[in-house]
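Peer 1: Taking the hints into account, I'd like the entire structure generated from these sequences.
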Amino acid sequence: MSPTILEVKVKPNARHSQLAQTEDGSWMAQLKAAPVEGKANAELIALVARHFGCAKAAVSIKAGASGRRKRVKIDPG
Numbered sequence: 739m740s741p742t743i744l745e746v747k748v749k750p751n752a753r754h755s756q757l758a759q760t761e762d763g764s765w766m767a768q769l770k771a772a773p774v775e776g777k778a779n780a781e782l783i784a785l786v787a788r789h790f791g792c793a794k795a796a797v798s799i800k801a802g803a804s805g806r807r808k809r810v811k812i813d814p815g
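Read left to right, the sequence shown gives residues 739 to 815 (the numbering used here).
Everything labelled a hint here was simulated from the structure, so no lab data went into it. None of the hints are false.
Derived pair list, reagent style DSSO-like, types lysine-lysine, alpha-carbon separation capped at 30 Å:
#1 811 - 777
#2 800 - 749
#3 747 - 811
#4 749 - 777
#5 747 - 777
#6 770 - 749
#7 747 - 770
#8 777 - 794
#9 749 - 811
#10 800 - 811
#11 811 - 770
#12 747 - 800
#13 794 - 749
#14 770 - 794
#15 777 - 800
#16 747 - 794
#17 811 - 794
#18 800 - 770
Restraint ranges, calculated between C-beta atoms of paired labels, are given here:
#19 798 - 755: 12 to 20 Å
#20 743 - 804: 13 to 21 Å
#21 793 - 761: 23 to 31 Å
#22 791 - 747: 19 to 27 Å
Owing to the predicted nature of the structure, the values given are computational and were not obtained by experimental measurement. Glycine residues also receive a C-beta, built at the ideal position from the N, C-alpha and C atoms.
Peer 2: As structure tokens, then:
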């Protein structure tokens with residue numbers, strides 16, 4: 739099985755963390771963490787792993803690590 743790539747729009751400093759698919763098929767992540775020292779990216783990886791039922795090690799940010807739009811890769815395994 740090939741890896742899954744998600745385009746995720748991230749909203750840091752939210753009241754609660756959640757990952758949801760929007761009507762147009764894109765993904766929206768609301769994160770409690772602030773976008774400092776990689777905290778929001780780490781929370782995003784944990785949130786995606788929990789949502790898809792895989793290990794955090796299987797999730798990586800391939801593009802957009804410092805922006806609000808990120809490309810996240812999920813390796814099957």
